[in-house]
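Please put together the full structure from these sequences, using the hints given.
Line by line, the protein sequences are chains A and B. Read left to right, the first sequence gives residues 1 to 348 (full-length UniProt numbering). Read left to right, the second sequence gives residues 1 to 348 (full-length UniProt numbering).
Be aware that one or more of the hints could be misleading.
Taking lysine-lysine and the BS3-like style, the derived pairs with C-alpha atoms no more than 27 Å apart in a straight line are [unchecked claim]:
hint, chain 1, residue 1, chain 2, residue 2
1, A, K184, A, K317
2, B, K84, A, K50
3, B, K50, A, K50
Have a look at the derived ranges for each label pair, beta carbon to beta carbon [claimed, not checked]:
hint, chain 1, residue 1, chain 2, residue 2, range
4, B, D49, A, V216, 26 to 34 Å
5, B, G201, A, P258, 54 to 62 Å
6, B, K50, A, N214, 27 to 35 Å
7, A, P83, B, D49, 17 to 25 Å
8, B, D49, A, G89, 23 to 31 Å
9, A, R87, B, D60, 43 to 51 Å
10, B, K244, A, Q326, 41 to 49 Å
11, A, R43, B, G284, 45 to 53 Å
12, A, P274, B, D245, 19 to 27 Å
13, B, Q326, A, A347, 21 to 29 Å
If you are wondering where the hints come from, they were derived from the structure by calculation, not from laboratory data. For clarity, every value in this text was computed on a predicted model and none was experimentally measured. C-beta atoms are modelled at their ideal positions from N, C-alpha and C, and glycine is treated no differently.
Number of protein chains: 2
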Amino acid sequence: MSVPANLNIVPFVSVDNMMKLVLAVGVETFLKELATFVDEDFRRWQSFDKTPRVAAHSRDGVIELMPTSDGALYGFKYVNGHPKNTRTGRQTVTAFGVLSDVDTGYPLLLSEMTILTALRTAATSAVAARYLARSGSRTMAIIGNGAQSEFQALAFKALLGVDRLRLYDIDRSASERCSRNLKKFGFEITVCNSSQEAVEGADIITTVTADKQNAVILSDNMVGAGVHINAVGGDCPGKTELQKDILGRSSVFVEYPPQTRIEGEIQQMPADFPVTELWQVMEGSASGRTSAEQITLFDSVGFATEDFSALRYVREKLHQHAFFEQLDLLADPDEPRDLFGMLLRAAG
Amino acid sequence: MSVPANLNIVPFVSVDNMMKLVLAVGVETFLKELATFVDEDFRRWQSFDKTPRVAAHSRDGVIELMPTSDGALYGFKYVNGHPKNTRTGRQTVTAFGVLSDVDTGYPLLLSEMTILTALRTAATSAVAARYLARSGSRTMAIIGNGAQSEFQALAFKALLGVDRLRLYDIDRSASERCSRNLKKFGFEITVCNSSQEAVEGADIITTVTADKQNAVILSDNMVGAGVHINAVGGDCPGKTELQKDILGRSSVFVEYPPQTRIEGEIQQMPADFPVTELWQVMEGSASGRTSAEQITLFDSVGFATEDFSALRYVREKLHQHAFFEQLDLLADPDEPRDLFGMLLRAAG
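Written out as structure tokens, the structure is:
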């Protein structure tokens, strides 16, 4: 990506260009490289400005802004969550994001983030599992086979070598589609008739359902010793997936406690329920998995730094793959203080 | 503006198209119409979700997100403030914004807002002055003749009939440029050598300087009875323009107290310093100016609802003037849950 000749221009990655970029890099390579950016940023967690997301809740959904900064770059994501959208042919979650230069405040990149969020969520799950799942984990149950499921499967394959999937969704056609979409990627896939069946023999259980309610996707009796639970779907107030008792038996790892206590599975637990921050495990100041019998749980809600990592990675990749347009987003008068003169001159 | 045929498309108003739109409508008409949207939204103030802006401060500036919603529409603005930017040929303030549908969370409009912010700030100032300045006010001093000055002048002309300007800037060439830019608009303009000189005989004093510090642009002895002060430039912590004593002698009107007490001129005063909320004056539950001798002060910092009004207005105008592009911003798979399948199919 060359430096824009004109200060008014912001590179823009459309949905079409994001797909071209992911395909040019290769989905698994993209996930693996993106994971290194996520990992890198988690390890320097303390250099980030962190704030819980700014959420506007309405009857049927939520619109959120998720900003963060490392002092040199600033990023934010706009993201909605509207489970009912699928009824009108829309996405439950859509997103876009911006990366900016802290020194000038000027945006450096505007990008679609619906696809990118799916990728970064999966990459983050797999990064966490690398520290928390038993080594040699090969079998993963995925409960909830919607838009996020294939990305999760591929991230766990790329980063951990997971190659056996056990799929369950209340809508069997979703599992079948997921299975079909993943056909070429070398998994051994079993479509299951219940979540009970799906978790049989699984080293890792990924829960990634979309309903906005307190549901029990996973009940306590379904979770055996040594399992790693990757809880992705419970990510806003009133939306959980796990029976409370599971939390009591697990070592729980989270991204950013002030946010997770409101939005994660642990919203079911008292405010002082013990959790470990993932970044501390990654940089070595806290323990991850300490025994083969331990149940580990990544209570993932998605945090702004992960979007930051994703935008930072995409910006890097644009140097090699010029899949972007130039957007005339910023006013750039010849003389900075003469904004009105620019308008007058536009009249010819 | 027709409804996009494809759900992936978001209408985008570039800087170029914003200028075309403003020129097609006419600057003064644009300001006047925009003012009716601002006025309308202030009058239904209580129907808005309000939150102080989310600011990321750095050594040389700030990046802010300003969200709000009326329950049907959601809007936010990204805006930076970097006074040193002018040294590198950049704008002190650049901005863009998004208006979304609360029911689906889908963005309906992405727009440049550098020019639009200048217009909405000026329109808001003039709307406030209509309630607070003495009727028959014709002479306005403008102290600080940077990017915002011409917009202020034209808004006060369009809404109040102000037709005599007294300009002062520490950089005389700024005043001269402002004067030159406004030549065709029918003002009687005096370029002054000091702020003292500028305020002589002024009915309204607009302060709109850019330095990020606690400055005294206007000292107490310069403010006579009956004047309306439109204090625009003091708009973040550590950045004020008025000598504190002026505040004590004035009736102070603000947009949103929790934000203004941090960012406005009244950051110099105790937390319980009495202020009146502008919306209450506008909907009739509080008094504005009550006597000809009263000094009124609009301590403006800019609030999210004003950006919301501006985006709402622009979206309306696009029905008549199709100055927008179609941006491929949102992923729109044929089957909403099949995001990964869309990616696979893009590979051909």
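Now for the hints, and whether the structure bears them out:
Of the pairs offered as hints, the one joining K184 of chain A and K317 of chain A holds, with about 25 Å between alpha carbons and a cut-off of 27 Å not exceeded. Pair hint K84 of chain B plus K50 of chain A holds up; C-alpha atoms about 26 Å apart against a cutoff of 27 Å. In summary, the hint linking K50 of chain B to K50 of chain A is supported, as the alpha carbons are separated by about 21 Å, within the 27 Å threshold. At about 32 Å, the beta-carbon gap between D49 of chain B and V216 of chain A stays in the expected band of 26 to 34 Å.
A hinted range of 54 to 62 Å for the beta carbons of G201 of chain B and P258 of chain A is consistent with their spacing of about 55 Å. Under the hint 27 to 35 Å, the C-beta atoms of K50 of chain B and N214 of chain A, about 29 Å apart, fit the expected range. Range check, P83 of chain A to D49 of chain B: about 21 Å between beta-carbon atoms, so the 17 to 25 Å window is met. For the hinted restraint 23 to 31 Å between D49 of chain B and G89 of chain A, the CB-CB distance of approximately 28 Å keeps it satisfied.
Between R87 of chain A and D60 of chain B the C-beta distance comes to about 48 Å, which sits within the given range of 43 to 51 Å. A hinted range of 41 to 49 Å for the beta carbons of K244 of chain B and Q326 of chain A is consistent with their spacing of about 47 Å. Between R43 of chain A and G284 of chain B the beta carbons are some 58 Å apart, a value that contradicts the proposed interval 45 to 53 Å. A hinted range of 19 to 27 Å for the beta carbons of P274 of chain A and D245 of chain B is inconsistent with their spacing of about 55 Å.
As the Cβ distance of Q326 of chain B to A347 of chain A is approximately 25 Å, the hint placing it in 21 to 29 Å holds.
Hint compliance for this structure: hints 11, 12 are not met, and every other hint is.
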